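S.K.: The primary structure of each chain is shown beneath.
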Amino acid sequence: DSGVTQTPKHLITATGQRVTLRCSPRSGDLSVYWYQQSLDQGLQFLIHYYNGEERAKGNILERFSAQQFPDLHSELNLSSLELGDSALYFCASSPRTSVSETQYFGPGTRLLVL
Amino acid sequence: AQSVTQLGSHVSVSEGALVLLRCNYSSSVPPYLFWYVQYPNQGLQLLLKYTTGATLVKGINGFEAEFKKSETSFHLTKPSAHMSDAAEYFCAVRNTGNQFYFGTGTSLTVIP
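From first to last, the protein sequence lines stand for chains D and S. No gaps in the numbering here: position 68 of the first sequence is 109 in our numbering, and each next residue is one more. No gaps in the numbering here: position 100 of the second sequence is 108 in our numbering, and each next residue is one more.
Pulled out of the complex, with its shape left as it was, chain S reads as follows (with noise of 0.2 Å):
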């Protein structure tokens, strides 16, 4: 069975700083995964997706997400946060039957 965990419900950073939003999954197969941004009243947005290749994966406005194997990770980072980076972020991965798993999200909080 497949399954996201997203360490931190709530994360805070600086303008500026470094964002680091993790993500652990348990999957018996090779995974697709998937990190999806939600703005306030709004669906959800693909960041950034691993299927196969390059392990590094690099995304829009400025994020990446490394696939990990051996530790069963795919963090999402940026080097610079900005203010319009507050939102929430989920990650998921997706099985071969098609059927998605997300994790409870990470709420980002950029502080001025």
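Pulled out of the complex, with its shape left as it was, chain D reads as follows (with noise of 0.2 Å):
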């Protein structure tokens, strides 16, 4: 256990619809972290929340956004699916933003869309 917690497991929903995740740190990390997983795109980075502000962007699309709320929670919300949206979406949390710390991974949330 990472100590990183992510809910829902597992979401099914329709195109068109949007969604929340959401991801809760380890105690005391400030750094949250947003990944996607698919068969076709590999593991991807999203975005960097470090203490409510965002501090990078990988390939997040424009449909997508996600906040880091003042108690470290952060959510990952997707508008308008697509059937391609479905994946699997991992949080990750560490103490700062060094690049040399470790990243905390949560059990992801499992993403279909019909």
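Hints may be right or wrong, so weigh each one.
[Said to hold, decoys possible] FRET-style restraints, in silico, Cβ to Cβ:
id: 1; chain 1: S; residue 1: Leu-26; chain 2: D; residue 2: Ser-121; range: 46 to 54 Å
id: 2; chain 1: D; residue 1: Glu-103; chain 2: S; residue 2: Tyr-47; range: 32 to 40 Å
id: 3; chain 1: S; residue 1: Ile-119; chain 2: D; residue 2: Gly-57; range: 27 to 35 Å
id: 4; chain 1: S; residue 1: Ser-22; chain 2: D; residue 2: Thr-143; range: 25 to 33 Å
id: 5; chain 1: S; residue 1: Lys-77; chain 2: D; residue 2: Gly-83; range: 20 to 28 Å
id: 6; chain 1: D; residue 1: Ser-120; chain 2: S; residue 2: Ser-20; range: 36 to 44 Å
[Unchecked claim] Residues from chain D that face chain S, not an exhaustive set, calculated with beta carbons under 7 Å:
id: 7; residue: Gly-83
id: 8; residue: Leu-84
id: 9; residue: Phe-86
id: 10; residue: His-89
id: 11; residue: Gly-93
id: 12; residue: Arg-96
id: 13; residue: Gly-99
id: 14; residue: Phe-131
id: 15; residue: Pro-136
id: 16; residue: Val-140
id: 17; residue: Ser-141
id: 18; residue: Thr-143
id: 19; residue: Gly-147
[What the hints assert, rightly or not] Anything over 10 Å on all C-beta distances counts as not near chain S; from chain D, calculated:
id: 20; residue: Ser-43
id: 21; residue: Val-45
id: 22; residue: Pro-49
id: 23; residue: Gly-57
id: 24; residue: Gln-58
id: 25; residue: Ser-65
id: 26; residue: Glu-94
id: 27; residue: Gln-144
id: 28; residue: Gly-149
id: 29; residue: Leu-155
Hints listed in this document are in silico derivations from the structure and should not be mistaken for laboratory results. Fair warning: this is a prediction, and the values are worked out from it, not measured in the lab. Quick reminder that beta carbons are idealized off the backbone N, C-alpha and C, glycines included.
Using the hints, build the complex out of the two chains.
M.R.: The following block contains the structure:
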């Protein structure tokens, strides 16, 4: 158990819909990272938040957005969903922002868009 | 730009045999390199990482990796495979902008 929690574990929805994925980092960690893992794209970095502020963006679509709240939990919002958005979404946390820090991954949310 | 190439999407070894998973990277600056393992239906777990210093890095579960700058490689090895090593392995590079780039993964099968 990494100490990172993600809810829900599974999510089934329809095209065009909007969903919110939630991540609670390890106690004391200020950084949260979001990743998408799909069969065709592999594991891709989406976005990084540190203490409530966006720090880095990866291959995140404009239909996707994220935020980190004062209690440090983070939400990833996916809108106008398409079939290709079906994937496993991971969040990870680390204490600060050092590039040498270990990231601790949550168990993931499996999203299925029908 | 950074990228990671993992040669061999599937590797099979016999129990007790050497495990070698290959990773090559491209980076315009000294990289920070990582190996993660993913067991079925679980998140990623860090095996080991190279940041600075000693080029031979030892990780958990008997794994180690050597950073070879001249070859732009960071291959993962374990002298003797165990059945519990069967999993998906990912090599990753992280740049100073805090962006992670993962390889496509190598699925390791251990044959009894």
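S.K.: Please go over all the hints and tell whether each is borne out by the structure.
M.R.: Comparing the hints with the structure gives:
At roughly 49 Å, the beta carbons of Leu-26 (chain S) and Ser-121 (chain D) sit within the given window of 46 to 54 Å. Between Glu-103 (chain D) and Tyr-47 (chain S), the C-beta spacing of about 34 Å keeps the proposed range 32 to 40 Å intact. Between Ile-119 (chain S) and Gly-57 (chain D), the C-beta spacing of about 46 Å breaks the proposed range 27 to 35 Å. For Ser-22 (chain S) paired with Thr-143 (chain D), a C-beta distance near 31 Å keeps the hint of 25 to 33 Å intact.
Under the hint 20 to 28 Å, the C-beta atoms of Lys-77 (chain S) and Gly-83 (chain D), about 25 Å apart, fit the expected range. Range check, Ser-120 (chain D) to Ser-20 (chain S): Cβ separation about 42 Å, and the 36 to 44 Å hint holds. Annotation: Gly-83 (chain D) was flagged as interfacial toward chain S, and the flag holds, the nearest CB pair being 5 Å apart, inside 7 Å. Proximity of Leu-84 (chain D) to chain S holds as hinted, the smallest CB-CB distance being about 4 Å (cut-off 7 Å).
A distance limit of 7 Å between C-beta atoms decides the matter here; for Phe-86 (chain D) the minimum to chain S is near 4 Å, and the interface restraint holds. Interface restraint check: His-89 (chain D) against chain S, minimum CB-CB distance 5 Å, threshold 7 Å, status holds. Hint on Gly-93 (chain D) is violated. Least Cβ distance to chain S is approximately 16 Å, over the 7 Å limit. Interface restraint check: Arg-96 (chain D) against chain S, minimum CB-CB distance 6 Å, threshold 7 Å, status holds.
The interface hint given for Gly-99 (chain D) is met, as the beta carbon of that residue sits about 6 Å from the closest beta carbon of chain S, less than 7 Å. Taken as an interface hint, Phe-131 (chain D) checks out: its beta carbon lies about 6 Å from the nearest beta carbon of chain S, inside 7 Å. Using the Cβ-Cβ criterion of 7 Å, the hint placing Pro-136 (chain D) at the interface with chain S is not satisfied: the shortest such distance is roughly 13 Å. A least Cβ separation of about 5 Å between Val-140 (chain D) and chain S falls short of the 7 Å threshold, and the interface hint therefore holds.
Checking Ser-141 (chain D) against chain S: minimum C-beta separation of about 4 Å stays under 7 Å; hint holds. Restraint check, Thr-143 (chain D) versus chain S: the minimum CB separation of about 5 Å is within 7 Å; hint holds. For the restraint placing Gly-147 (chain D) at the interface with chain S, the shortest Cβ-Cβ distance is roughly 5 Å, inside the 7 Å limit, so the hint holds. Non-interface call for Ser-43 (chain D) relative to chain S: violated, since the shortest CB-CB distance, roughly 6 Å, does not exceed 10 Å.
Its beta-carbon lying about 8 Å from the closest one in chain S, Val-45 (chain D) breaks the requirement of being farther than 10 Å from that chain. A cut-off of 10 Å between C-beta atoms confirms that Pro-49 (chain D) is not in contact with chain S; the least separation is 15 Å. The Cβ of Gly-57 (chain D) sits about 28 Å from the closest Cβ of chain S, beyond the 10 Å cut-off, so the non-interface label holds. No beta-carbon of chain S comes within 10 Å of the beta-carbon of Gln-58 (chain D); the shortest separation is about 25 Å.
With 10 Å as the threshold on Cβ separation, the claim that Ser-65 (chain D) sits away from chain S holds: the shortest Cβ distance comes to roughly 14 Å. For Glu-94 (chain D), the shortest C-beta to C-beta distance to chain S comes to about 12 Å, beyond the 10 Å cut-off, and the non-interface label holds. Non-interface status of Gln-144 (chain D) relative to chain S is broken: a Cβ of that chain comes within 10 Å, the nearest being about 7 Å off. Distance check on Gly-149 (chain D): its Cβ comes as close as 6 Å (rounded) to a Cβ of chain S, failing to clear the 10 Å threshold; non-interface status is violated.
Distance check for Leu-155 (chain D) against chain S: the nearest CB is about 21 Å away, which clears 10 Å, and the non-interface claim stands.
Going through the hint list in order, the structure does not satisfy hints 3, 11, 15, 20, 21, 27, 28.
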